[in-house]
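> Fit the two chains together into the complex; they arrive one by one in their own frames, and the hints show the way.
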Amino acid sequence: MKQLKWLSYPYIFWMILFIIVPLILVFIFSFTTGDIRLNGDFQFSIENFQRFFDPLYLKVLGKSVNLALKSTIICLLLGYPMAMIISRENIKKRNVMILLFVVPMWMNFLLRTYAWMTLLGKNGVLNFLIKKLGFTPLNFIYNDNAVLLGMVYNFLPFMVLPIYSVLIKMDRSLIEAAEDLGANKVKVFLKIIFPLSLPGVVSGFTMVFMPALSTFVISRLLGGGQYMLIGNLIEQQFLWTGDWHFGSAISIIMMAFILIGMAITSKFDKEKEGGGLW
Amino acid sequence: MKRSIKYVLLILLIAIIGTVFTGCKKDTDTLNVYNWGDYIAPEVIEEFEKEYGIKVNYSTFDTNEDMYVKVKSGGNSYDVLFPSDYIIEKMIKEDMLLKLDMNNIPNYKNIDEKFKNLDFDPDNEYSVPYMWGTLGIIYNKNAVTDKIDSWDALWNEKYSGQILMLNSQRDSIAISLKRLGYSMNSTDKDELEKAKEELIKQKPLVYAYVGDEVKDLMIGEEADIGVVWSGDAVYMMGENENLDYVVPKEGSNLWFDNMVIPSTSKHKKEAELFINFMCRPDIALKNTEYIGYSTPNKETFKLLSEEMKNNDVAYPKAESLKNCEIFNDLGEFTKEYSRIWTEILAQ
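Which chain is which? The protein sequence lines are F and S, in order.
Here this note's numbering is used: the first residue of the first sequence is 1, the next is one more, and so on.
Here this note's numbering is used: the first residue of the second sequence is 1001, the next is one more, and so on.
Bound-form chain S, shown alone (with noise of 0.2 Å):
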């Protein structure tokens, strides 16, 4: 009898080792694909998989920087990333991506040449865009009646208690620094230390420092102004009319997430056949209209309803992104912009 229960757990155990490894068999019908949370639509995915019998594995990262130590650290190959302008230029530094083979892309002609070469990709060899934005500040219309066209909205006493900022470190203080007119890729150390005391003494005005609830904590009318991604924008203005969206005159964020493939990929072909497939109109145009991010593609860009095309915060003008910045890959100073971040918010 215990003999008999020792088999069975034998067994057991092989079968459970066995299903941890089969993850590493070597198959070249399956595609790693690793993407931002909730950033594709849902039934892309299973048509991808329908037409070219290729199986996807989809798994998403929350930031960029966990997205990249787990890509750098190895010992799992994704086959397709989705990393954002700076991070695509670290990369590239680094070694850590394949070129593309365009004529394998032929799709890669949809996209608007004003979104190729950008100067973290500047022979557009490693990337093909995926999505664009800015960052800016939403406002009750009801609560805030000043015009808001600055920064300077959000350091405002007369809306403390009111104000979310982000709880994101890069995004922040670059704001703090495009208030000072300087630079948001600034790694000089007088510069940031001014930035820092800007955010220090806008900390007693502000609610909070906030995620992805910054989208519930305005619809709900919980905070009169805050920071948020265009795409966020264009969202939370469709479930809340008194809301509205403003990309600050000193400048923002002018951000691009691309598809790209790393060097340890194995399944490069297939890879390739994936991001042709993201670029095709009618796919781009699902994706689009799921996420609410504007699309770079310019086909999709025709497939879009009227109102979204005059949309003048998923789609600005070219005058009001004069002054908006891309971000660049700091390097080591990276720990310095966390030190800041710490000290402002361990006061």
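Chain F with its partners taken away, still in its complex shape (with noise of 0.2 Å):
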């Protein structure tokens, strides 16, 4: 394997150029203020980080870790025994049940929340339907419940699939020593089943929480832009009022947060058997 090791030079090149290269300048843009194009103006600065320590901005950053949590419990909840059925099943109905989870992923993210729109919409299918059954119609878009609604929707696969390669890899064997021991349902899993997941429940975990918090597409499209969440604050940093340092710096702060996330729950994931899907 070792001789294989310049197979890696085109992908370090690549992150290199994309990713390193991109992230130590938004980590400059951050700590600094003024006209890079202009010598004196360009200065180092902490200005950016003080700022946004402010309540006005503090309350939406606690909306979105707020809602990224929330999205992230209710994945897990309904992506775990999701998983657990899957893994279940003989490995021909395996297969196309996962390909069914995998199959909507395939469709741009985008045009699978405007199909929202039009599902959740004041004129759309459901309300339709509540008309027609002579109920007065509902207003289910543009509020909390329609952003947590999307998140779930987009983010649940990213629970399902880690947690469900952990559940195939176990060993059986210890499941039917527990029951043999006496062990009812209940403890087996208690004591079997949910500790050895565990790696795959914080995998699934990060893998949710990460895009629910920077999303800003979802909370624009099915929030009505009601909802200001940190990506959208970045999101107006850069397109409406051109200020890329106080930009960079928020975008600092939700990795800092991600990272924080991440130490948090790898702490449980020793043995880094976490089924990856990035």
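Treat the hints with care, as some may be off.
Said to hold, decoys possible - Calculated cross-link-like contacts (lysine-lysine; reagent style BS3-like; alpha-carbon spacing at most 25 Å):
1. S:1109 x S:1309
2. S:1215 x F:122
3. S:1099 x S:1298
4. S:1099 x S:1147
5. S:1335 x F:59
6. S:1203 x F:59
7. S:1309 x F:63
8. F:59 x S:1099
To be clear, the hints were calculated from the coordinates, so they are not data collected in a lab.
Now the structure itself:
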């Protein structure tokens, strides 16, 4: 294997050019102010970070973390049983079910979110059915729950797949042994299955939490722009205010949050068994 | 065997790097045009390429600020830009634009005098008008029975849950300022504070803060009343005849998108050729018909259908524009607007 090391060079080159360099740029921008083209105007400063620790922006951060956590927990509650059901099936059925889970992801994420808009809209498909049944139409779209729904819908596969990949690798003889020794189903799950699947849960947790924290499209399309999340704040700084320094600082803060989240969760994942997708 | 793979990979790598950097090759026969998304008739670019043998690299932006920072940060050399009024003012201030040689743009004479020498470019040295329009209220005549002639309609509790606002900080704050009788270029903290409070008061009534989705939402009658630009209104009224558009009596935003050449351009001659081409009556007509916004080109205006010429939405009478204002560059104060907008949305 050692001789094949050079095979990774193209990727390393790619990574440096498109991941490392941009990250360094974001970092530089976050710690400076002024115009990069004018000498003397471009200066080191921590003003951008100080600006962020204002109750106003902290409130935005709090709301984002809150929504991201909620959607991650819902994904876990929905995804875990799903992963278990799939992993119990025979291999043929299993592959079909996993395929069904993955196929919607082949379609563009934006398109799927737009589809929800036509489903939930005031004159949308759901309200059309409700009216047909003789009830008064409801307000589905442009609120917290619509944003939550969009997040859960889009990120659920990222929770199911890592848990599933840990579950199918699990040594079934352990479960049989526990059952032989008289443990009931609940006990087997709590003492054997769940602890062993923890690495998958952890990696699922991070993989849902990260995009949920940084999303700005879902909150704009399904939240009707009324919900400023941290992703929207960054977008606003780059696209509408033209303040790349502050925008970069917020991005760095958000990255710090994700890193802290990952550090905490990786404590549970000592064996690094989490079926990674990324 | 391994060695040969190594060579293949090496060649592949060089090829990739090669293709990445050919974009930087100096080429007098290309022109880099940077315009708003969906803001030109597609066939116009091809016609220009065919007629002059110059290849056009066409790319698009979504907001003025995005375009501004990209041009400012360098690293790309655009030749023709299509910014709006206040950004042109800012770019002139910061020495980012080249003076145009109007001898190379003879079609400039086609531009209506009333669109020349506007405040943001007082002697019209840097820019040539491309499109113009207003900001106003669009409403569904079946649902809204009151006479709509004021921004107050957007604060009317009767239309709670039916109101669409723009998710653009400058425009939404401008509406609130105008409604209170202030200038939409205000940099007075008290005035802005009041405008902010009004927008916070309005928030529970608002159905959504939207961008381009406003078109689908109004046409599909998902909402009854909203804020749009005149060109979009023309399109929407064509799709749904229940819709009507009005410029409120308190006044509104009158805007212009002009063509300019940034100082980093290496193809000034070709860029002027392109601007001249865009002012040719038949070409401007194609763009006007495709985009739906109002043309500042008087020769093109003559070519429009009678129906369009008398369209009050696209070509409003002078009296309905009397309270309208053109945006000024706010400089560092933009940050204050951004903060206010965050405060409103974070409620």
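> Compare the structure with each hint and give your call.
Hints, verified against the model:
Among the hinted pairs, residue 1109 (chain S) with residue 1309 (chain S) is consistent with the structure: their alpha-carbon atoms are about 20 Å apart, no more than 25 Å. In summary, the hint linking residue 1215 (chain S) to residue 122 (chain F) is supported, as the alpha carbons are separated by about 15 Å, within the 25 Å threshold. Taking the CA atoms of residue 1099 (chain S) and residue 1298 (chain S), the gap is about 23 Å. The hint holds against a cut of 25 Å. For the hint pairing residue 1099 (chain S) with residue 1147 (chain S), the CA-to-CA distance comes to about 47 Å; that exceeds 25 Å, so the pair is violated.
Under the criterion of a C-alpha separation no larger than 25 Å, the hint pairing residue 1335 (chain S) with residue 59 (chain F) is consistent with the structure, at around 18 Å. Simply put, residue 1203 (chain S) and residue 59 (chain F) have alpha-carbon atoms about 18 Å apart, close enough for the 25 Å limit, and the pair holds. For the hint pairing residue 1309 (chain S) with residue 63 (chain F), the CA-to-CA distance comes to about 50 Å; that exceeds 25 Å, so the pair is violated. With a C-alpha separation of about 46 Å, the suggested pair residue 59 (chain F) and residue 1099 (chain S) falls outside the 25 Å cut-off, and the hint is violated.
Figure legend: structure checked against the earlier numbered hints; hints not met, in rising order: 4, 7, 8.
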